[in-house]
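Participant: If you want the building blocks of each chain, they are given just below.
There are 4 protein chains.
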Amino acid sequence: MIQAGIIGGTGYTGVELLRILTLHPEVQIHKVTSRADAGKRVDSLYPNLRGYVDAVFTEPSMESLAECDVVFFATPNGTAMRMAEPLLERGVKIIDLAADFRLTDPAAWEHWYGEPHTCPRLMQEAVYGLPEINRERLRNARLVANPGCYPTAVQLGLLPLVEQRLIRLDSIIADAKSGVSGAGRKAEIPMLMSETGESFKAYGVKGHRHLPEIRQGLEQACGEPVGLTFVPHLVPMIRGIHATIYAQWAGSDATDLQSLYETRYRDEPFVDVLPEGSHPDTRNVRGSNRCQIAAHRPQGGNTVVILSVIDNLVKGAAGQAVQNMNLMFGLEEMTGLRAIGIYP
Amino acid sequence: MIQAGIIGGTGYTGVELLRILTLHPEVQIHKVTSRADAGKRVDSLYPNLRGYVDAVFTEPSMESLAECDVVFFATPNGTAMRMAEPLLERGVKIIDLAADFRLTDPAAWEHWYGEPHTCPRLMQEAVYGLPEINRERLRNARLVANPGCYPTAVQLGLLPLVEQRLIRLDSIIADAKSGVSGAGRKAEIPMLMSETGESFKAYGVKGHRHLPEIRQGLEQACGEPVGLTFVPHLVPMIRGIHATIYAQWAGSDATDLQSLYETRYRDEPFVDVLPEGSHPDTRNVRGSNRCQIAAHRPQGGNTVVILSVIDNLVKGAAGQAVQNMNLMFGLEEMTGLRAIGIYP
Amino acid sequence: MIQAGIIGGTGYTGVELLRILTLHPEVQIHKVTSRADAGKRVDSLYPNLRGYVDAVFTEPSMESLAECDVVFFATPNGTAMRMAEPLLERGVKIIDLAADFRLTDPAAWEHWYGEPHTCPRLMQEAVYGLPEINRERLRNARLVANPGCYPTAVQLGLLPLVEQRLIRLDSIIADAKSGVSGAGRKAEIPMLMSETGESFKAYGVKGHRHLPEIRQGLEQACGEPVGLTFVPHLVPMIRGIHATIYAQWAGSDATDLQSLYETRYRDEPFVDVLPEGSHPDTRNVRGSNRCQIAAHRPQGGNTVVILSVIDNLVKGAAGQAVQNMNLMFGLEEMTGLRAIGIYP
Amino acid sequence: MIQAGIIGGTGYTGVELLRILTLHPEVQIHKVTSRADAGKRVDSLYPNLRGYVDAVFTEPSMESLAECDVVFFATPNGTAMRMAEPLLERGVKIIDLAADFRLTDPAAWEHWYGEPHTCPRLMQEAVYGLPEINRERLRNARLVANPGCYPTAVQLGLLPLVEQRLIRLDSIIADAKSGVSGAGRKAEIPMLMSETGESFKAYGVKGHRHLPEIRQGLEQACGEPVGLTFVPHLVPMIRGIHATIYAQWAGSDATDLQSLYETRYRDEPFVDVLPEGSHPDTRNVRGSNRCQIAAHRPQGGNTVVILSVIDNLVKGAAGQAVQNMNLMFGLEEMTGLRAIGIYP
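Chains as they are written, first to last, in the UniProt record's numbering: chain S, 1 to 344; chain E, 1 to 344; chain C, 1 to 344; chain Z, 1 to 344.
Isolated chain S (complex conformation) (with noise of 0.2 Å):
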């Protein structure tokens, strides 16, 4: 049994890995941290647990997690980067659900995320998460960067015309809609359900942290600058992601889009090409690790539009982190991950 640990267990991140690995048959939770609550039965906060997690949370110490061989960071971002040398150094690996170790640029880190980066030389070393580009890089990775929500489903989403350069690099749109647990789980006004209930809003429209993190993947995709427009919204409702994708088609006539979406995808054991025509439906994906993609280009214009769902918390955060450690630890990718969406 692979030994987990959890460092900040109660956020919406820490919360949805406990459920994912309590059901996960080669995975034993031996630690699960937090400051704010340590003392407290996990169950306590968190009534669904009950009867699957015994477990108590702890202040986090670097002697009981080094006895995990695996540790997973659902903290704020610039944690991660102040607790991962030493416990690579113990021979934990690591999987980083927070963004310390996305970019590959510390000048970038500091100028998105707005204070220098501590550790700059693992920067280098993690591996970026996302399985169907990095595969077997993972599979021998001691630190895994996991990717940020939207750009999992952006990237997935692009990829199959990055790659092979069927769409114009300089002008790509994102416009990207996100369930409100997006958001975390913190005492903020403007995430009370009055103010984002019925409602519906884009944000951060003078730039995102997704962004660099979507256009570094884009362009190590391709090799070439990638230029991008990310426009992120607020959808009344707890989870999924939505990313519609606006390009200009650069390939030829013969190119069918279809068929590159199925090839591309075709051994994917998360990624499901929609048949030609659909609409994915982020319910459809509710509690699964699944992306959904449907690919279209309308009245046969040169636009391209491609639709991408993910639940957020799954593909894109916790079940992405798991479908990582199943490579880490030479696992069956899908262990543990076989749920459904949950319809309606």
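Worth flagging that the hints you see were computed from the coordinates, not collected in a lab. Possibly wrong hints are sitting among the right ones.
[As the list claims (entries may be wrong)] For lysine-lysine, the following DSSO-like pairs were computed, each having C-alpha atoms within a straight-line distance of at most 27 Å:
1) E/186 - E/206
2) Z/40 - E/40
3) E/206 - Z/40
4) S/40 - S/186
5) E/40 - Z/186
6) S/206 - C/40
Note that the structure is predicted; figures quoted are calculated from it, not measured.
Could you slot chains E, C and Z onto chain S? The hints should help.
Facilitator: Chains E, C and Z in isolation, oriented as in the chain S frame:
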């Protein structure tokens, strides 16, 4: 492997059965019927099942259903009573998720369901599928009447009190609230999101079909007539039932309400008595087969207040049906039903 | 023009007062105070008011408030009782939307609100602002205690029965449900949309501050002690309260429930008794100052079921406050309050 | 008083017209027709109107409609084109809230609406009812084609750019999101709350009927062909449209986007340009006739991002129809339309 058939697989209880049975290790889905959608792939209607369910909806036919070990009726009321006899004769076990075999009195059935019952003989044989009451009888049942959603939540909330006659039996009040999926997948204006979203209302105050079902269950539990007022309400959410039950305490002051509930349900795998003072939240059982209950006596007064929550499509329908199937086929009762409530 | 001041204009009752008073033909908003947001334009926080409200939040000061004809306290409990006396001395009328002057008994206030009342003398002078009971006293009031949201819905639902003692007074049950705006505009994790959306729960079963307020009102209406069980619930919607009230009929069989309600409320501009057999829906009073009520005796039994709905921010708070102001200043009672419920 | 008729008063635009016109000081509702509900009281279907509307639904008849000064068609597409001519001949002014007179080209109409237009002559006479473009023509119009909801939000968002050709006109993208009331009050499974709640999806990517309407409006505004990709999405809320518009800047660097918008809409009573850097929220215009707009150039790049919100049933339908009526009858444009957006 148990060969299972689902009749009426296009409604919400049908698709929930599919979701649960697909991942059940001892079951193979042999047939899924739907007159309206015969010939279509199941996953074309329910894309959450893509890659998991390969079946095509078929017309219901006695021959092919007779190949099944068990048939689930996820049909409108009045269907199972017309097909049960020939299926039983062919050795097929039946679990009816509709109301055809819930009441034991044909006259009451006719009164509440508006037509004569076509198969009164089987009304006596059918076992009411609430394992918390009828576990042993269910192990040998050929025909199970799966309880209604409200009746499950209300009866589990009341059983400890009624069985021991610790409350006045003539004036029980069950104020119940359900998410909209309880109304089924039918094209009706009152169930549009524009009609039910952001609003709350009672319905059926004059008399709801679950009233005689609950009363019958309670009367069997205590062997006396029961006076019950039952008022259902519609909540602007998809899944979940919350029953708030009021009764006048008739027990001694020495009897501890909390211990009463904990003792009664100690060995029940799917009934979870929360710690004293708790308020169960429907989200904590969403997608799970669990009932969570809290028992209160506000200000130490005579009025007992019981709070009981379930997912109407799981413990209130498809999950309980699978729990019954497990009992009927000698499987461990939790098989295929270990999913944890999805929070947030 | 009446010069009005609003103290604590940044909560939901404050902004609702602003919305109503802005279009009130006889009122000018003279001051809107907020310690936290002093110096900011009101419409920078509340863009729905752009072009309608030119005001800037100011620090509350006795001088500038003394220029007002009436001051509304849309503040947390415990604020108005500290400022009321000097304002009244300066000739300013006061409407308190918080709980400071709702109870008449200082000991009860201290018990339920956790601190001694600083101004018990005014508790006696204050008029409880339910016009359906106190219309004449309100015309001459200097200090009005605007009722709580639940107490408004529950008392209007019970008055016809209690005033004429047509029910048993010792065992009334009020099962009440509220949208989340009732919890106010405070940064608290339990009120995040991820916590309250798609879920339903009871709270405060042990005892809620609106219980003594409702009981006091009912006891004044019938002159006898009243036994009341009050259980509030949280509905995943923003606005609206639905009270489902249960009581044991003690009247003669000749008394017609429907006529009783129609007669009692015939001349009430904001209480609308629905036709027999109706189920009021909170959406139909959303944004309006109306209470809609339906009275039932299911199956002609002894249990009376009353359904009563309001918009918690309008008839349950700001709208009722303006109705009271209209009475205090001799205006036609409906002035500025003719908005129709927004459906869908 | 203007005598008004509403044809098809049982849909959401019909009931919204009733809500607005009932409080309009210069209008009397003379007739409300509905074939399906003829004979029923309007307020029996719409209890929010109790006490405000005394009317009974009638069968539409030319005689009684001819008594009106103005008739609103709140009917399905294809109704108004069959009744407009005789009504106009009898001197009745017409405002069609459906699509019959929005396009000027009969061939395009037939292509998008699937049947030949029965009254092509009037397609030329009809004035497109977007006052921000056609105010003067509307003052003298006999027949007004009230714009679609998406076209209102998208055109108001684009007009300042398109009129002055400050963007590339061949590659505009409008990613639009609507609440579910836009789908109307029709019994359809995909619009059940269980289907649309807690989920998000695109629809009509292949081609939506509002595409040619928007394109026609933009082409008239700039006198050139316009290339537009329009993708609508369904948001789990009742009211509100949010258009996110992307275009490539073709203006000089000296041109200030914010001033451009503020100047263009300075005198518009119902278009509100938000301060630089804002993100409009649909809730702030809920129930109001306002469009709120924000204009961005993220990171100073070439892509312009415009955010435009309306209430689809008010500025996107009934409110704009009343605004047009005010113009047609020489009333002050805001008469009856001063309602403030309901927040929260």
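Participant: For every hint, state whether the structure bears it out.
Facilitator: Against the structure, the hints come out as follows:
1. Our distance criterion of 27 Å between C-alpha atoms is met by residue 186 of chain E and residue 206 of chain E, whose separation comes to about 23 Å.
2. Of the pairs offered as hints, the one joining residue 40 of chain Z and residue 40 of chain E is violated, with about 41 Å between alpha carbons and a cut-off of 27 Å exceeded.
3. As the CA atoms of residue 206 of chain E and residue 40 of chain Z are separated by approximately 23 Å, the hinted pair is consistent with the 27 Å bound.
4. Taken as a hint, the residue 40 of chain S and residue 186 of chain S pair is honoured in the structure, with Cα atoms around 19 Å apart against an allowance of 27 Å.
5. As the CA atoms of residue 40 of chain E and residue 186 of chain Z are separated by approximately 25 Å, the hinted pair is consistent with the 27 Å bound.
6. The straight-line distance between the Cα atoms of residue 206 of chain S and residue 40 of chain C is roughly 23 Å, inside the 27 Å bound, and the hint therefore holds.
Hint 2 alone, counting from the list given before, is not met by this structure.
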